[in-house]
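Visitor: So the chains spell out like this:
Protein chains: 2
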Amino acid sequence: MLEEPSLVLLETATLNALQAIVGENRVLTDDDSLRHYGRDWTRFYQPAPSAIVLPGSVDEVQAIVRLAADQKLALVPSGGRTGLSAGSVACNGEIVLALDRMNSISDFNPMDRTVRCGAGVITEQLQQFAANQGLYYPVDFASAGSSQIGGNISTNAGGIKVIRHGMTRDWVAGLKLVTGTGELLDLNQGLIKNNAGYDLRQLAIGAEGTLGIVVEATMQLDRAPRDLAVMVLGVSDMSAIMEVLTAFQAAIELSAFEFFSELALQKVVEHQGLQRPFETPCEYYALLEFEQADESVLDQAMVLFEQCVERGWVLDGTVSQSETQAKNLWRLREDISETITPWTPYKNDISTVISKVPAFLAEVDAAVKKSYPDFEIVWFGHIGDGNVHLNILKPDALSVDEFRAQCGEVSQWVFEIVQRYGGSVSAEHGVGLLKKDYLHYSRSPLEIEIMKQIKKVFDPQGIMNPGKIFDL
Amino acid sequence: MLEEPSLVLLETATLNALQAIVGENRVLTDDDSLRHYGRDWTRFYQPAPSAIVLPGSVDEVQAIVRLAADQKLALVPSGGRTGLSAGSVACNGEIVLALDRMNSISDFNPMDRTVRCGAGVITEQLQQFAANQGLYYPVDFASAGSSQIGGNISTNAGGIKVIRHGMTRDWVAGLKLVTGTGELLDLNQGLIKNNAGYDLRQLAIGAEGTLGIVVEATMQLDRAPRDLAVMVLGVSDMSAIMEVLTAFQAAIELSAFEFFSELALQKVVEHQGLQRPFETPCEYYALLEFEQADESVLDQAMVLFEQCVERGWVLDGTVSQSETQAKNLWRLREDISETITPWTPYKNDISTVISKVPAFLAEVDAAVKKSYPDFEIVWFGHIGDGNVHLNILKPDALSVDEFRAQCGEVSQWVFEIVQRYGGSVSAEHGVGLLKKDYLHYSRSPLEIEIMKQIKKVFDPQGIMNPGKIFDL
Chain A
1 MLEEPSLVLL ETATLNALQA IVGENRVLTD DDSLRHYGRD WTRFYQPAPS
51 AIVLPGSVDE VQAIVRLAAD QKLALVPSGG RTGLSAGSVA CNGEIVLALD
101 RMNSISDFNP MDRTVRCGAG VITEQLQQFA ANQGLYYPVD FASAGSSQIG
151 GNISTNAGGI KVIRHGMTRD WVAGLKLVTG TGELLDLNQG LIKNNAGYDL
201 RQLAIGAEGT LGIVVEATMQ LDRAPRDLAV MVLGVSDMSA IMEVLTAFQA
251 AIELSAFEFF SELALQKVVE HQGLQRPFET PCEYYALLEF EQADESVLDQ
301 AMVLFEQCVE RGWVLDGTVS QSETQAKNLW RLREDISETI TPWTPYKNDI
351 STVISKVPAF LAEVDAAVKK SYPDFEIVWF GHIGDGNVHL NILKPDALSV
401 DEFRAQCGEV SQWVFEIVQR YGGSVSAEHG VGLLKKDYLH YSRSPLEIEI
451 MKQIKKVFDP QGIMNPGKIF DL
Chain B
1 MLEEPSLVLL ETATLNALQA IVGENRVLTD DDSLRHYGRD WTRFYQPAPS
51 AIVLPGSVDE VQAIVRLAAD QKLALVPSGG RTGLSAGSVA CNGEIVLALD
101 RMNSISDFNP MDRTVRCGAG VITEQLQQFA ANQGLYYPVD FASAGSSQIG
151 GNISTNAGGI KVIRHGMTRD WVAGLKLVTG TGELLDLNQG LIKNNAGYDL
201 RQLAIGAEGT LGIVVEATMQ LDRAPRDLAV MVLGVSDMSA IMEVLTAFQA
251 AIELSAFEFF SELALQKVVE HQGLQRPFET PCEYYALLEF EQADESVLDQ
301 AMVLFEQCVE RGWVLDGTVS QSETQAKNLW RLREDISETI TPWTPYKNDI
351 STVISKVPAF LAEVDAAVKK SYPDFEIVWF GHIGDGNVHL NILKPDALSV
401 DEFRAQCGEV SQWVFEIVQR YGGSVSAEHG VGLLKKDYLH YSRSPLEIEI
451 MKQIKKVFDP QGIMNPGKIF DL
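Sequence order for the protein chains is A and B. Its first residue numbered 1, the first sequence is counted upward by one per residue in the UniProt record's numbering. Its first residue numbered 1, the second sequence is counted upward by one per residue in the UniProt record's numbering.
Here chain A stands alone, though its shape is the one from the complex (with noise of 0.2 Å):
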């Protein structure tokens, strides 16, 4: 019912020059249009952009900017819309300028190991690019088959990965970014290594498009990793599992430390046909992932399993033999947000230190349950780097807009602890339109009022995606 979207027209002189950039057939204002391009994956909003444009080059980009600056339009940049924070939503009456149709992959280097890639590239197109190289784009998380590389880097994208490959930011080489006033910032042109002034690549890096429009990148891509084993442990209860990251770091670099719930595990076993990884029911699972570069690496890996079992850590575990059950034990992990989804969770991606994860959780588990002793929480998430993700399913006996009030509640509750933690209220997701009242929990008020001292330099009219992260 909030997904319709609301008219809003745009002058007939506008929507002709728009249309005199990009071609009669690429600027769209039918309703199913509006509706598909004017929201990401977050379900709060109700669509209302003006117009949908698809331009094909950077000087289309920014002739649409330049236009939209003369005339005070706001724009919002638009890639794959699976963001979870409404980055990308348009409710505002909008242009959409959407960049799928700039997914061109070219001028691969094998030396410098760097691809460039256009902003409408799909994650997923990359990472097979670069498996068909040979070599690897590491960055990867549930919607890699229709993200797109400029939302990645607006949003720093994360995953699974992060433990070893760190985030989006760490593969962006070079950036060319359309500023506010329709410039072209060109940054960092593929080096590795450039100390000439600030590095406002960093800066554009993450800003979920308020400071500009990422149409371009430059992505290093990375030696494919060999034979990657998994193995998932059964663990007696939150700080065992903190003790299992450490033992293991110590010793094997870890391409993946993710863990989940036992109800996060039945759920998904329950409605994806999968397989307990082995019997003993625990409160929490890690999931580890590491190269075998050797036998040496299996073999070690089993002694620590056998430590952690003797410290009365971890209850049971398994490990792949195949590439397939790799995969597997993978979906016990990755399937868990798409199981969840028919009980409308209500959703958080936060973080702290990784040592303060077990007292973290337990402060929010006890907030919830003290008020709404029936909701059901789901725990998974990257614990290896700090972040969790929680999920409070919907009692059947509640209407989605009494869980959403009651939600509003928990929200607040569990910025509080955040902030308590020193932790941060957006870990992966960013902070768009939905984080935006919450950003005060992990920033103090001159860190956001720096943020928009910046935004007005790289935006002057403050046309670029108003409103995502704060309002000005």
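Among the hints, erroneous ones may be present.
Identical chains share a label here; the pair holds if one copy fits it or two copies do between them.
To be verified - No farther apart than 20 Å at their CA atoms in a straight line, the calculated lysine to any residue pairs in the SDA-like style are these:
{"hint": "1", "residue 1": "Lys-161", "residue 2": "Thr-341"}
{"hint": "2", "residue 1": "Lys-456", "residue 2": "Leu-446"}
{"hint": "3", "residue 1": "Lys-456", "residue 2": "Pro-445"}
{"hint": "4", "residue 1": "Lys-436", "residue 2": "Asp-199"}
{"hint": "5", "residue 1": "Lys-452", "residue 2": "Asp-186"}
{"hint": "6", "residue 1": "Lys-436", "residue 2": "Gly-467"}
{"hint": "7", "residue 1": "Lys-327", "residue 2": "Asp-199"}
{"hint": "8", "residue 1": "Lys-436", "residue 2": "Glu-310"}
{"hint": "9", "residue 1": "Lys-456", "residue 2": "Gln-406"}
{"hint": "10", "residue 1": "Lys-161", "residue 2": "Arg-223"}
{"hint": "11", "residue 1": "Lys-369", "residue 2": "Gln-300"}
{"hint": "12", "residue 1": "Lys-456", "residue 2": "Asp-199"}
By construction, these hints were calculated from the structure, which means they are not laboratory data. Note that the structure is predicted; figures quoted are calculated from it, not measured.
Once you have looked at the hints, place chain B on chain A.
Guide: Coordinates of chain B only, in the frame set by chain A:
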């Protein structure tokens, strides 16, 4: 002759106010102190600070900055003063704020693998602290024994392990910065994942103190590497060295890939009493380092070595059989800079993308030799990152002043070539005073204008290290 401090006087009331903040004996105005604290390892500027202040706490730094802001007095933050671009030179009556006393290491957390460092912690002190915990601080370079963490962060120090471990930027989990108004920013608080608004921490890193003073940092530590092997290979020419890099990187995780020329080797062998790695003279040498997790890695390296010989890329080579041998091979590379100091070398620290290095070097060589055939060029550097250090030795026949004048011309040619290659005029040494007139060869007028505007956001009075990187 350039090294006598000028006499610049602060008003007595100001001196008294500074003494009231830090204590009487921590405001220095004697000639020796002004000379010592007024300059860095660059030797082209006459130190002329008005006073040296040695605060012992963040509060004291804030009080000093507030005083300076009130009276519009310029401040130069000062760490180990090992910079090579005059980023911490005070030659214009500035007050030097030296962070030497803020050198405590605290709050080590073995699970997070983080530790809190005052800005004045010496790099080697942090390396040693990490080693004592069985961990590793991987940023390393020639001046690690005197450079300070605050300075490393402010210049985004690089060094010899960047190919695997990145720059200082990659190891700063949290950062406290005192802005130009004396306010304290506590940025990122040690989090691995934090997408809550612009990452202002990234802006402060590499800003050379122009946005504020780094007073404290939470540094990330890494797993300690085991059994590092060092290989030195003699190659036929520069393109061969790049082929060797590509071949090794496809199979082995290299922790260093350095290079030096035959002339560099000759100088260092002669003056440091070291052995040549092997008798075959080669145009260039590559030094590779990698972790031997087990024997198979060395076996693989030997196979790659043989393949490189078969292809004609490598003429000869050696590999360390012990830690001592590894250290001695490293000295062939690391002792070059010190070895050539008596020749009053012209130095330049530049980069391109890796694949363009051979053509880039050839152009620089040709440009220098065309006009100055008697100049001896010593090349070395971090070629695995595209970062080369150009060193030209002063011919005995030339006076220092004549040589410097001619090198001014050389700089012009070099930076024109850098610009044509889309490279950086400062790969890892920063801009400071030395390169600000050349910044436009790497950064567009718009980028420079944006940097200036950003500086005004953090430092509205323009008192933080004014005149470094750019003039306002």
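Visitor: Going back to the hint list, which numbers does this structure go against?
Guide: As far as the earlier hints go, 1, 7, 8, 9, 11 are violated by this structure, in ascending order.
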